[in-house]
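Q: One letter stands for each residue in the lines below.
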Amino acid sequence: MAMPRKIKEKLKKIAQADKSTKKTKAIRKSSEKEITKEVPGTQEVIVEQAKFSHPETACKRGGMPQELPVCYDIDRIVLQVRDPWWIHAYWEVKGSTMDRLRNELKGDFLKARRNLRVYDVSSIIFNGSNAHRFFDIQIDELAASWYIDTQGPGRSWCVDYGLKLSDGRFIVILRSNTVHTPLEGPSWITDEEWMIPEESFARLYGMGLGLGRSSPVGKAWQKMVKGVITSPGITSGASPIRKA
Amino acid sequence: MHKGYLCLVLHGHLPFVRHPEHEDFLEEDWFYEAITETYLPLIWVYENLVNDGIDFRITMTLSPSLLSMFCDSLLQGRYLKHINKLIELAHKETERTLRQPEFNGLAKMYLEQFYKARNTFEKYDRNLAFAFKKFQDLGKLEIITSGATHGYFPLMDICRESINAQVKVAVSHYESIFGRKPKGIWLPECGYLPGQDDILKEAGLGYFFTDSHAVLHGTPRPKYGVFAPVYCKGTGIASFARDLESSKQVWSSIEGYPGDYNYREFYRDIGFDLEFEYIKPYIHPDGVRTNTGIKYHRITGPGNEKQPYVPQWAAEKCAEHAGNFMFNRQKQVEYLYDFMKQEPVIVSPYDAELFGHWWYEGPLWLDFLVRKIACDQDEISLITASEYLKRHPRNQVVNLSMSSWGWKGYSEMWLQGANDWIYRHLHTASERMTELAKTYPNQNGLLKRALNQALRELLLAQSSDWAFIMGTGTHTSYAVRRTKEHILRFTRIYEDTKTNTIDENWLSDIEYKDNIFPDIDYRVHQ
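Same order as they appear, the protein sequences are chains A and R. Counting from 546, one number per residue, gives the positions in the first sequence under the working numbering. Counting from 318, one number per residue, gives the positions in the second sequence under the working numbering.
No lab work stands behind these hints: they were computed from the structure. Possibly wrong hints are sitting among the right ones.
[To be verified] Derived lysine-lysine pairs resembling DSSO-like cross-links, with alpha carbons at most 30 Å apart:
1) R:Lys451 to R:Lys409
2) R:Lys815 to R:Lys801
3) R:Lys440 to A:Lys639
4) R:Lys518 to R:Lys440
5) A:Lys639 to R:Lys409
6) R:Lys597 to R:Lys402
7) R:Lys707 to R:Lys451
8) R:Lys815 to A:Lys639
[Stated by the list, open to error] Just a few of them, taken from the derived set where beta-carbon distance is under 7 Å, the chain R residues facing chain A:
9) Glu429
10) Gln430
11) Leu533
12) Pro537
13) Arg538
14) Ile596
15) Glu670
16) Trp675
17) Trp722
18) Gly723
19) Lys725
20) Thr745
21) Ile786
C-beta: ideal position from N, C-alpha, C; glycine also.
Can you make the complete structure from the sequences, with help from the hints?
A: Written out as structure tokens, the structure reads:
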């Protein structure tokens with residue numbers, strides 16, 4: 546069975562979209578490759594997709610329901626993990642919160658830029674000022690979600706949404722939950738009771754991934770996914786809520 | 318000499334597609350096709366094995382939404398109508414192809430298969446859950462559960478009450494059908510996020526399955542890789558990780574068995590191939606061409622030219638491929654046994670619909686494989702996860718890594734530009750459901766009905782299938798519609814509850830339409 550053309554095109558399209566949005570994201574210096582047949586999960590997509598194979602007519606019957614609200618009038622930012630490198634944030638700020646800031650900051654408010662501050666909060670209880678490091682992403686005023694390249698697998702992250710004033714001050718409006726990105730390869734921590742020599746683990750690692758018995762530790766998985774999995778996400782850019 | 322185990326897992330799931338508001342609803346065909354092409358053929362495999370005295374162990378997920386459809390009398394009646402139409406079409410096909418011997422034999426094969434499908438369906442009182450239960454009660458199948466509506470847990474972590482509801486509803490639904498609690502769970506899409514296993518433990522579940530990198534990238538390093546389960550730190554729930562070598566042999570349409578040129582071609586169906594006027598009564602009443610399940614061609618090669626299907630050749634290939642799979646597992650197990658100094662377990666999970674629906678010969682392959690394992694060798698034996706744990710209770714404790722078996726191995730299939738808009742709505746609805754459950758801890762009458770329906774609507778909106786379909790970019794309007802519809806229904810109940818303005822007629826209508834989990838208790842959402 547050949548891979549359905551539609552799925553091939555879709556996967557290619559996603560890969561291309563990833564590339565085209567690269568300049569809008571925090572820069573990650575890694576080589577990108579085209580999606581290949583080795584990308585984990587591709588076959589699962591094809592088989593699962595085959596469950597839903599029929600022409601699209603459902604919406605002729607009964608039409609689309611009414612639209613969902615654009616927002617819920619709450620102050621909130623939610624962080625979720627996409628993969629070892631990328632996290633996703635969506636947020637909403639109440640009109641009254643913005644009004645309050647407008648009144649407090651007066652002229653500064655108009656010159657302020659919307660900003661995401663991404664904190665590395667690994668292994669600490671974050672109090673707003675004890676992060677290991679942070680970086681800022683300037684975002685569009687209308688954006689309501691963002692894919693963030695953390696460049697940090699195996700770390701914990703927290704994000705503030707706020708205003709960056711012209712004098713460099715950062716006014717926090719929303720603080721997110723904390724998330725943890727998974728490791729991109731095997732752990733370096735071993736268990737005394739369940740010790741295994743490096744070479745033996747390498748063999749098991751390669752075998753578990755279906756790559757034979759001599760894969761170097763850590764490289765096998767990265768070899769399978771590198772370039773694809775490190776690709777930038779599709780930014781929500783200036784669209785407040787992405788419509789399907 | 319016995320050297321290891323093979324744990325075959327078939328994951329059976331479909332989203333809840335039931336549309337009483339229309340006589341013919343295309344998306345219900347997903348369910349009818351799955352019955353004819355996957356679930357009945359699997360039942361036939363199990364029946365034949367039992368009748369021939371072949372011992373076997375297969376683990377099977379029957380997701381709560383799939384089970385709910387098996388048990389639904391409206392869908393049962395509609396399936397009967399569906400299979401009767403197929404029988405009628407197959408009769409016509411045996412006439413039409415009289416002068417085409419290469420197709421006529423196939424038409425007769427389908428006719429026989431459809432009659433058999435109807436007979437088996439009737440034999441189990443139109444409820445296939447009874448059939449699977451029978452094999453579980455015989456000790457051959459171990460049926461596990463999944464998320465109530467297959468919600469993708471890693472993207473629900475912000476509202477763990479919803480994960481709790483997905484798990485608790487699934488467990489009690491399972492119990493009501495199978496008469497006992499499930500021993501394990503298939504995490505929807507194998508989606509695992511550290512820290513969520515305490516919810517599974519609380520629900521009394523003993524194990525779950527993950528993709529290989531959940532364990533291989535776990536901390537500390539797993540001594541036996543994916544070839545022994547590990548226990549989650551803190552909860553002690555066992556995790557069995559997929560072996561990708563055995564997986565690829567069956568999953569892959571490129572390197573795997575299903576792509577063999579002798580096997581039946583999935584994408585050639587008479588619903589699309591034959592003259593419109595002839596096929597019209599058997600496709601959708603709107604005149605939209607659909608798959609009928611009658612397919613006459615073999616894969617043949619990479620091009621578009623397809624030759625007639627020859628069942629005999631396909632069966633011979635199936636036997637060869639079953640032998641090859643077993644041989645590879647024997648070699649794998651022999652190597653691992655020497656290496657590990659203990660019996661490895663090879664975990665091979667597949668989407669159930671890969672067998673029969675996608676890979677037509679899959680059930681036959683499974684039949685051959687089980688027989689060969691039982692009769693032709695003694696190095697490997699089939700085992701279920703719970704049996705393995707009984708025999709090998711001492712396993713390493715590991716913090717697993719976040720992972721899924723989806724595209725690229727993490728959450729991107731369900732979190733990308735095409736579907737990320739859903740989460741603010743789903744999470745808001747979850748928070749509101751928690752609020753409702755806290756505000757109304759003990760309700761009766763109309764309010765209780767409304768609160769129970771609110772949870773049904775929320776669960777239905779959470780099905781991972783909608784985000785998946787949006788992510789693939791095809792047939793998205795149905796997925797978008799379902800997501801919006803359930804969230805809107807939930808929102809109306811939420812608002813009406815707060816203002817004490819519940820419209821009983823409207824509530825009755827959506828109770829009738831979205832009738833999943835009749836015994837649901839909204840208080841599990843906490």
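Q: Confirm or reject each hint.
A: We went through each hint and held it up to the structure:
1. R:Lys451 to R:Lys409: 35 Å, violated
2. R:Lys815 to R:Lys801: With Cα atoms ~21 Å apart, R:Lys815 and R:Lys801 stay inside 30 Å; holds.
3. R:Lys440 to A:Lys639: Violated - the C-alpha atoms of A:Lys639 and R:Lys440 are around 59 Å apart, more than 30 Å.
4. R:Lys518 to R:Lys440: Status violated; Cα separation ~37 Å.
5. A:Lys639 to R:Lys409: Measuring from Cα to Cα gives roughly 64 Å; hence the hint is violated.
6. R:Lys597 to R:Lys402: 12 Å, holds
7. R:Lys707 to R:Lys451: Judged against 30 Å, a Cα distance of about 23 Å means the pair holds.
8. R:Lys815 to A:Lys639: 21 Å, holds
9. Glu429: 24 Å, violated
10. Gln430: Status violated, d = 19 Å.
11. Leu533: Cβ of R:Leu533 sits 5 Å from chain A, so the hint holds.
12. Pro537: This hint holds: R:Pro537 lies near chain A, its Cβ roughly 4 Å from the closest one there, short of 7 Å.
13. Arg538: 5 Å, holds
14. Ile596: Hint violated; R:Ile596 Cβ to chain A Cβ min 14 Å, cut 7 Å.
15. Glu670: Holds - the Cβ of R:Glu670 comes within 7 Å of chain A, reaching about 5 Å at its closest.
16. Trp675: 5 Å, holds
17. Trp722: Hint on R:Trp722: holds, closest Cβ of chain A at ~6 Å, below 7 Å.
18. Gly723: At about 5 Å, which falls below the 7 Å cut-off, the nearest Cβ of chain A leaves the hint on R:Gly723 intact, so it holds.
19. Lys725: 5 Å, holds
20. Thr745: 5 Å, holds
21. Ile786: Holds: closest Cβ of chain A sits about 6 Å from R:Ile786, inside 7 Å.
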